[in-house]
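**Student:** Listed below are the residues making up each chain.
Number of protein chains: 2
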Amino acid sequence: MSVRYDDEKLCHSFEPIHVEDVEDRTHESLHLLLDRKGPGHEFLGWMDLPLQSPEEFEPLSRVAEEIKSSGDLLVCVGIGGSYLGAKAVIHSLFPENDRIRFAGHHLSPLELSRLLKELENKDFYINVISKSGTTTEPGVAFRFLKQLAEKKYGKETSKRIIATTDASKGALRTLSEQEGYRTFTIPDNVGGRFSVLTPVGLLPVLATGGDLKKILKGAKAGYQQGSLDDRQNPAFRYARNRKILWKNGKAIEILATFEPQMHYLAEWWKQLFGESEGKEGKGLYPASADFTTDLHSLGQWIQEGTRNIFETFLVIEHYETDLAVEKSRQNLDGLDYLTGKKMSWINRKAYEGTRQAHEDGGVPVSAFYLDRLDEENLFELLVIFEFAIAIYGYTLGVNPFDQPGVEAYKKNMFKLLGK
Amino acid sequence: MSVRYDDEKLCHSFEPIHVEDVEDRTHESLHLLLDRKGPGHEFLGWMDLPLQSPEEFEPLSRVAEEIKSSGDLLVCVGIGGSYLGAKAVIHSLFPENDRIRFAGHHLSPLELSRLLKELENKDFYINVISKSGTTTEPGVAFRFLKQLAEKKYGKETSKRIIATTDASKGALRTLSEQEGYRTFTIPDNVGGRFSVLTPVGLLPVLATGGDLKKILKGAKAGYQQGSLDDRQNPAFRYARNRKILWKNGKAIEILATFEPQMHYLAEWWKQLFGESEGKEGKGLYPASADFTTDLHSLGQWIQEGTRNIFETFLVIEHYETDLAVEKSRQNLDGLDYLTGKKMSWINRKAYEGTRQAHEDGGVPVSAFYLDRLDEENLFELLVIFEFAIAIYGYTLGVNPFDQPGVEAYKKNMFKLLGK
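From first to last, the protein sequence lines stand for chains L and X.
Count the first sequence with the working numbering and you get residues -6 to 412, in order.
Count the second sequence with the working numbering and you get residues -6 to 412, in order.
It should be emphasised that the hints constitute simulated quantities derived from the structure, not laboratory data.
Yeah, the Cβ is synthetic: ideal placement off N, Cα and C, and Gly gets one too.
Misleading hints may appear alongside valid ones.
[Said to hold, decoys possible] Among chain X residues calculated to face chain L with C-beta under 8 Å, some are:
#1 G132
#2 P253
#3 H256
#4 A259
#5 G276
#6 Y312
#7 N405
[To be verified] From chain X, some residues computed to sit far from chain L (all C-beta separations above 12 Å):
#8 D0
#9 I10
#10 L66
#11 S101
#12 N114
Go ahead and model the full structure; you've got the sequences and the hints to work with.
**Tutor:** Below, the structure is given as structure tokens:
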């Protein structure tokens, strides 16, 4: 267990009466989940994924290794849960990797034109990720990309395209069989936002340099933490705290990191939480901030604005790469008092100072600490978050595994598009 | 005037009684601003900036041209208002420009190490932007960057560093004089978040390819729109609508674009609005979304979550670069009905479908339309936003031009750092 949840000071600020009520409800919710008897229990496949063995991924690892060792670009085509997990992990762990591109997650002619232009002079693989193969954004992007690949590779194109899709049905499955693409399966019992430990997330992550054994070790630790009894369980405590804050009228949770390369982890979290709890007129709005960057933009609001927020920090305890401040000739910038101090230490003090300032300003705060920023810690955290939102959804009385509202804009759009 | 604010349907949803009350207050607030008699009127220098002539920027244009034609990298060192304006404009207009880097806006040893490593083998200019020169984040980054530049360029270093700072006082001004850096001035009567039309924003933007005449033409149009009478004035209407929504219990405004390269424009807006209104326990929380990307993550929440939000869209009317969907061999993806259709048209229909879906879901919506994504439209919009938040702040009864809460974390941090 490398991930630690610290909510000590947060707990002290609650009335005991609230805590007891909510704890009972959270206890029921945890067991509804672990017993697999709550709403949406047919989508609990994500709970089994952390217990997979590396051997089960033999074919996937081979393809990932082929892409990695080719030195070519990898273009991942997908939207929502079909790209955010991979993007979050890759951006957090391998930000210097310049061989991954994402497409099919927007409808911008500008962005897509730039990518197509870049690819004209590069060799590339395509990983197209879609349960159905008919979602508009990835569908349109894949048409352009497939066309370019066929122009470039002719009959060899089928070796360049890997499809991650439904086991047996859907347009992308049919196309893959006709064209002879290699395929990997999105399990039926895992929703998009919970799919980071399926081929959806793992093929791009392994092809970019992720270590599968470490990933599964971290995920298993997350599973173990998420299955612990009540107060020993960080997912339980996090869910309970959110519920108490919700009952106390808080409207917004800000997930704040002090490490910019964790930016997309917060984006993944926004989907996981927002899509799971934002229904039936309920839900805490999931917001995020990159500190110290956003202390100079949102900092004023957080410190003194409407008191309807609370904050959850993500903190890295140890850095492998670091820099120490050197003495200057004249100390004109007044920073010589930092001589010999490491950036990671300064960053840590900024976190501690910020946390105290926000507490003093009336913002309830808690924090997840990661021992270091690597596969083990990251996947442990991801799985804890998955448990937490499932438990929290049950305390709210909603089904955390459906997303009935995401079709509304599509229906209107299809009508306007003349479908 | 190329920027148009559409709030027609939003207005229909208000009770007339609310509108009248708030209109009177907004009218007073507009005139408090235009007469320069409200709180913080000593920081209204931003209102004069759109009326500058290109000739006043002769020295700045020359330096920008030197950097641009050198083909070297430009590293901008600054945080908050000292980088967000430039980043917003450059990312919106010149996303393919790969010669600009930002530093000093975080405390991550990982990010800074990567930048320093990259710069070892490249030629670069540094534009260090700080009123005081002692802010921790840019101060620390500049120490490392200056050292690298001195190692590389020796006595020629002073030609490589341009400082944007206070006219007469402060550490960076003193250092610049001693070292012989070229300098540009941050006016005393312009706050950081309102500084995009000073050298703070303009040097990086011009060095990246921005057209000064078009910038000033757009800014002037924004100034003219922001000075119009009441309902003719989009800034007035936007401020009035926000105030009505605030009085009706809305807690969060989501600024949503359908063009990913406008992402940082929303980040700039978050600082402008959040820092201006988030005080005295008041303020709408400024959130943002990139569509259609985030329709597949936050879409569910927006459609069916807690009804405490409203949405403001930014929409581009015409695209210069576009792509048309081509017919496929078998229509397996079911997208042949889009054959011949342009991406920009599909994107537009996604916007229309989304807007309607969110309205139907109980989210009040309005939109700013930009005729096209260029200097004129962008700066017109930026200035309209500046007017709008100034007026809105006055309707709330706060000083929109101070930021008393941003020092709190710094005080704690300095203590922990042993300053």
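**Student:** Hint by hint, say whether it matches the structure.
**Tutor:** Quick rundown of the hints versus the structure:
{"no.": "1", "hint": "G132", "in the structure": "holds, 5 Å"}
{"no.": "2", "hint": "P253", "in the structure": "holds, 5 Å"}
{"no.": "3", "hint": "H256", "in the structure": "violated, 11 Å"}
{"no.": "4", "hint": "A259", "in the structure": "violated, 11 Å"}
{"no.": "5", "hint": "G276", "in the structure": "holds, 4 Å"}
{"no.": "6", "hint": "Y312", "in the structure": "holds, 6 Å"}
{"no.": "7", "hint": "N405", "in the structure": "holds, 3 Å"}
{"no.": "8", "hint": "D0", "in the structure": "holds, 20 Å"}
{"no.": "9", "hint": "I10", "in the structure": "holds, 24 Å"}
{"no.": "10", "hint": "L66", "in the structure": "holds, 16 Å"}
{"no.": "11", "hint": "S101", "in the structure": "violated, 5 Å"}
{"no.": "12", "hint": "N114", "in the structure": "holds, 14 Å"}
Consistency note: the structure conflicts with the earlier hints numbered 3, 4 and 11.
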